[in-house]
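Two chains, two frames, a set of hints: combine them into the complex.
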Amino acid sequence: MSATQQLSFIARYSLTLSLMAFLGAAFFLPWVGAGPISISRVLHHQSPDYEILLQLRLSRTLLALVAGGALSLAGALFQAMLRDALATPYTLGISAGASLGAVAVIAAGWETFFGIPMTWIGALSGAFAVLVLVLGGAIQQRRISAFSLLLTGIAINSICAAFIIILSSFAGMSRSFSIARWLIGSIDATSYVSLAVLAAVVLLVSAMILTQARNWNLLAVGERWAASRGVRVGVLLTQGYILGSILAAAAIALTGPIGFVELIVPHLVRSRISPDHRLLMPCAFLLGGTLLALCDAVGRIIVPPAEIPAGAVLALIGGPYLVWVIRQRMPAEEI
Amino acid sequence: MSLLLEVEGVSFSYGSRSVLNSIDLRAGQGEFLALVGINGSGKSTLLDIVSGFRSPEAGSVLIGGRSQREWKRREIAQQVSHLPQAIHADLPFTAEQLVGMGRYPHTDRWFESEEDHRAIRAAMERTSCWTQRHRTFRSLSGGERQRVLLAACLAQNASALLLDEPSTFLDIEQQLHCFSVLREEAQSGKLCIAAMHDLNLALTYCTRLVVLADGVIAYDIRTAEAHDNKRWLGVFSKRLDMSTTPAGSPWVWYQ
Chain A
1 MSATQQLSFI ARYSLTLSLM AFLGAAFFLP WVGAGPISIS RVLHHQSPDY EILLQLRLSR
61 TLLALVAGGA LSLAGALFQA MLRDALATPY TLGISAGASL GAVAVIAAGW ETFFGIPMTW
121 IGALSGAFAV LVLVLGGAIQ QRRISAFSLL LTGIAINSIC AAFIIILSSF AGMSRSFSIA
181 RWLIGSIDAT SYVSLAVLAA VVLLVSAMIL TQARNWNLLA VGERWAASRG VRVGVLLTQG
241 YILGSILAAA AIALTGPIGF VELIVPHLVR SRISPDHRLL MPCAFLLGGT LLALCDAVGR
301 IIVPPAEIPA GAVLALIGGP YLVWVIRQRM PAEEI
Chain B
336 MSLLLEVEGV SFSYGSRSVL NSIDLRAGQG EFLALVGING SGKSTLLDIV SGFRSPEAGS
396 VLIGGRSQRE WKRREIAQQV SHLPQAIHAD LPFTAEQLVG MGRYPHTDRW FESEEDHRAI
456 RAAMERTSCW TQRHRTFRSL SGGERQRVLL AACLAQNASA LLLDEPSTFL DIEQQLHCFS
516 VLREEAQSGK LCIAAMHDLN LALTYCTRLV VLADGVIAYD IRTAEAHDNK RWLGVFSKRL
576 DMSTTPAGSP WVWYQ
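One line per chain: the protein sequences are A and B, in this order. Numbered by this note's numbering, the letters in the first sequence go through residues 1 to 335 in order. Numbered by this note's numbering, the letters in the second sequence go through residues 336 to 590 in order.
Simulated from the structure, these hints should not be mistaken for lab results. Computed from a predicted model, the values in this text were never measured in an experiment. Just so it is clear, CB atoms sit at the ideal spot from N, CA and C, and this is done for glycine as well. Some hints could be false.
[Stated by the list, open to error] So, partial list: chain B residues that the calculated Cβ filter (under 10 Å) puts toward chain A: (1) Ala421; (2) Gln432; (3) Phe446; (4) Arg543.
[Said to hold, decoys possible] Cβ pair distances, simulated, as ranges: (5) B:Gln522 - A:Leu86: 42 to 52 Å; (6) A:Ile165 - B:Glu450: 35 to 45 Å; (7) A:Val303 - B:Arg409: 52 to 62 Å.
Here chain B stands alone, though its shape is the one from the complex (with noise of 0.2 Å):
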C-alpha cells in the first residue's frame, strides 16, 4: 500500500470553538475509510482541510509525500475530489453538465473532448443517473442528487475520493449501490475517506474506522477488528452494541 494522505497536527478552530486539535491522520491507496463521530465532531471541517477548501490554522496535508501548499489549485484537483454534502444549484444545469464539470481540471479545451464525454457516461451509469441526464438538477429528488454527484466525483478521477455523508437521501438499495461502487474503487487502487453516520455501512464496506471525537481521532482501527474492543461504540451512545451477522461481519445494534 503506497502512503496518498498524511496529515499532520492539523488543528483549526471556528472563532473560539476549537473543532479540531492536533489530528495526525495517514492512509494510502486502496484503503476505504469511514470518518465517524457525533454532529459537530469535525468531520466535514476535516474533509475541507484535506480537500484544500480550508487552511488549517495549525499543522500540514502532504499528497502524495508533497505539502498541500506546494500544489496548485488544479493538481490538487487531479489528485482529490470532494463530494459536498449538499449543493444549492439555483442555476439550471442538467445533471450532465454538472458531472461534466468533474472533468474541468484535466483539460484546458473549451469544450469537453469526445474522451471526456466517455468519462462523463461511465460515471453516470456507474452511479445509475445516465436516464436522467438531461433534466435539470433542482428538478431531481435528493436521491437523484446524490447519485448526480457522486458520478461527478467519479469523473474527476481523482486518487482520493472525499466523501462528505454519501449516502445522504438515498434508499437502501441505492446506499448498498454507492457503497460498492466506492469499495470498487478503493479496490482499484484509490484512497475513500466517507464522513458518515451508518456504522454498519461503515463495517460492511470500509476497510477503517477513524472516529472523532472532542477534536482529536479518538479512535482508529480497521473495521475487522471492531469487534474487539467495544468502547469505540461509547463515542457514540450508552444504548450501542455489537454482535455479529450469520455471514459474520460485525453488527451494530440499539437497544
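Bound conformation, chain A alone (with noise of 0.2 Å):
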C-alpha cells in the first residue's frame, strides 16, 4: 500500500467509525434517561412517552452533540494555535467573558427578552466583549502573537472571575445557586429553534475552520514555519481568534462553561488517530459531540429520579484524565 492510499484508508476509516458513533449517540442516546420510554407509544404519539422522547431528550441530545462538537473543535483549533495540547476556550479568556456576562444578567434576575434567554445574550455579548478588548490591543501593538494572545487571556481569566465573585457576593441566596449551576454547565431541553440556529452558527464556522485545517498544521509547528510555507500569520491567528471564540460563546451560551470536552477529546485524536488538523479537526467534532451527549445521558441515569449536569460529569472523567495527561507528557519534554 503507497504512503497515499495508507493515509486516505486511514483518514476514511477514523472519518467514518467517528460518524457512527455521532449518529449512533444522535439515535439511541434519547431513549436513555431516568424512566423508561416505549417505542410503540412513541410511534402512535401517545403522552408522555412520545413528549419526553422528543421535547425533553432528543433536543437536549441533539444540543449537546453540537455544543460538544463545537467546543472540542474550538479546543483543537486554540491548541494549534497555541502550540500546547492543554489549552482551551478557557485558556483564551473566551470562556471567562461568556460566564462574566451569563453571570451578570442572573444576577440582575433578567430572565428573558422577547422569548430569548438573556444568559444566551449576556454570554454572547461577554465573549464578544474579550474578543474586541483583544483583538483591539493587539492591534494596537500592530502585531498579533500566540504570546500576545495567551497573557491576555490569562489577565481576562482573572478580572473575570474577580468579577464573577464580587456578583455572587451580592446576588442573593437564590440566584447566586442559580449562578453556581449555571457555571457547571448542563445540557436541558431546548427549543427546536434554538436548535437550529445554534446548528447553523456551528456548521458555518466548523466548516470554514476546517477548510483551513492544513495551515492550522502549519501554525500548531511555529509561527516562523508558518509563515515561510505561505501562511499570513497575524491574518490566520485573528481568523482563528474569531472563529474559536464564536463557536466556544454559542456552545456555552446555551450549555454553561461546560469543561474538559475541549481537553480530551482533542488529546485523544490527537494521540489515537492523527495530530494532523485535516482528520483530527473533523474527529475531534464529531467525537466531542458524542462524549458530551454521553455524559449527559450517564448523568440522567446514575441518580434517578435526580439529574448530575453533563458539566459535573465531565469533570469527574476530565480531572483525573487532565492529571493523566501531564503524567504522559513529562518524559517526553524531558528527552
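Set out below in C-alpha cells:
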C-alpha cells in the first residue's frame, strides 16, 4: 500500500467510525433516561412518552452533540494556535468573558428578552467584549502573536473570575445558587428553533475552520514555520481567534461553561488517530459531540430521579484524565 | 549567474535598538552565502526579513526582480524556504508529517499526492532521516530534529534556501553531510544563505562570506579570496588567525 493510499485509508476509517459514533449517539441516547420510554407509545404519538422523547430528551441530546462538537473543535483550534495540547477556550479568556456576561444577567434577575433567554445574550455579549478587547489590544501593538493572546487570556480570566465572585456575593441566596449551577454547565431541553440557530452557526463556522486545516498544521509547529510555508500568520491567528470564539461562545451560551470536552477529545484523537488537523478536526467535532451527549445521558440515569449536570460528569472524568495527560507529557519533554 | 535576491537599503530595529542599518545585498543562483557575525549582529533578523516573516522599517527586498510586497505569501513560499533556528513542536507530529508540510505551498490537494510523497522521501533520504519517519518530532534528539527540519526545507523545493544555523546540534560527520547537501543544492542552481558561526565550515563549503557587524555588512568577500585580507577576522576575535590546509583551503585557528 502506497503512502497516499495508507493515508486515505486511515482518513476514511477514522472518519467513518467517528461519524457512526455521532449518529449512534443521536439515535440511541434519547431513549436513555430516568424512566423507560415505550417505542410503540412513541410511534403512536401517545403521552407522555412521545413528548418526553421529542420535547425533552431528543432536543437535549442534539444540543449536547452540537455544543460538544463545537467546544471540542474550538479546543483543537486553540491548541494548534497556541502550540499547546492543554490550551482551551478558557485559556484565551473567551469562556471567562461569556461566563461573566451570563452571571451578570442572572445576578440582575433578567430572564428573557422577547422570548430569548437573557443568559444567551449575556454570554454572547461577554465573549464579544473579550474578543474586541483582545483584538483591539493586538491591533494597537500592530502585531498579533500566540504569546500575546495567551498573556491577555490569563489576565482576562483573572479579571472575569474576580467580577464573578463579586457579583455572586451581591446576588442573594437563590441567584447565587443559579449562578453556581450555570457555572458547572449543563444540558437542558431547548426549543428546536434555538437548536437550529446554534447548529447553523456551528456548522458554518466549523466549515470555515476545517477549510484551513493545513494552515493549522503549520501554525501548530511555529509562526516562522507557517510564515515561510505561505501563511499570513497575523491574519490566520485573527481568523482563528474570531472563529474559535464564536464556536465557544455559541455553545457556552446554551450549556454554560462545560469544561474538559475541549481538552479530552482533541488529545485522544491526536494520540490515537492523528495530530494532522485535516483528520483531527472533523474527528474531534464528531467525537466531542458524542462524549458530551454520553455524559449527559449518564448524568440522567446515575442517581434517578435526580440529574447530575453533564458538566459535573465531564469534570469527574476530565479531572483524573488531565492528571494522566500531564504525567504522560513529562517524559517526552525531558528528552 | 542570474540574480535571484536583491536586498536594498533594509533597516530594522527592535524598539530603540537598531539591528540592521541600510543593508544592501545581492545574490544569485548557484551561490552559497555564509552569513556570519557575532551574536546579536542581525543574521537571523535579516533571514526573517528575506523570508517575509518580518517587514523592514526601510528599504525593500526583491525576489526574482519583483518586490517582495508584490508576491503573495504562498508565492514567496514557493520561491524561498526558511529553516528556523529551532522549533518547539509540542504537538506530536511525526517526522514525515513535518517534512510533508514543505509540500503545502505547491498544492491545493487536501492530502499529499504520490509525487509529494516521492519528494518527501527523497528529501528525508538525502538528510539521512527516512528511518525516523514514523517517530514523533519531539522524541527525536537535537541532531535528528535538525535533519528533519532540513529535509522539510529541501522538500519545499524553493529557489532560495535560508538556513538559520543549520549545523546546530549536528555531530561533525552530520555537519559535513549537511553542508555537502547544501553545496549540491547551490551547484544545482539554487541560492543558499546560511547564518552560522563555524568559520571553517563556511570557508570549506560556501562561495561567499557576508560578515555583519554594527548593523551593516562589514565585509562581503568570496571565500576563495578570504585569505588575501584577514582583517574580517577581527570582527569575531583578536585571537583568530588564518593559515592554509594541506589541500590548499583557508583555515581559521585561534591562539
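A:Val303 paired with B:Arg409, Cβ distance criterion 52 to 62 Å
Given range 52 to 62 Å: holds, Cβ gap about 56 Å.
Taking the least C-beta to C-beta distance, is B:Arg543 closer than 10 Å to chain A?
22 Å, violated
Between B:Gln522 and A:Leu86, does the beta-carbon spacing fit 42 to 52 Å?
Because 46 Å falls inside the window, the suggested range holds.
Is the interface hint satisfied for B:Gln432? The criterion is a beta-carbon contact with chain A at less than 10 Å.
6 Å, holds
Under the criterion of a CB-CB separation shorter than 10 Å, is B:Ala421 in contact with chain A as hinted?
Because about 9 Å separates B:Ala421 from the closest Cβ in chain A, which is inside the 10 Å limit, the hint holds.
Given B:Phe446 as an interface hint, is its Cβ closer than 10 Å to any Cβ of chain A?
Status holds, d = 5 Å.
Taking the Cβ atom of A:Ile165 and the Cβ atom of B:Glu450, is their distance within the range 35 to 45 Å?
Violated, at about 59 Å.
In this structure, the earlier hints numbered 4, 6 are contradicted, and the remaining ones agree with it.
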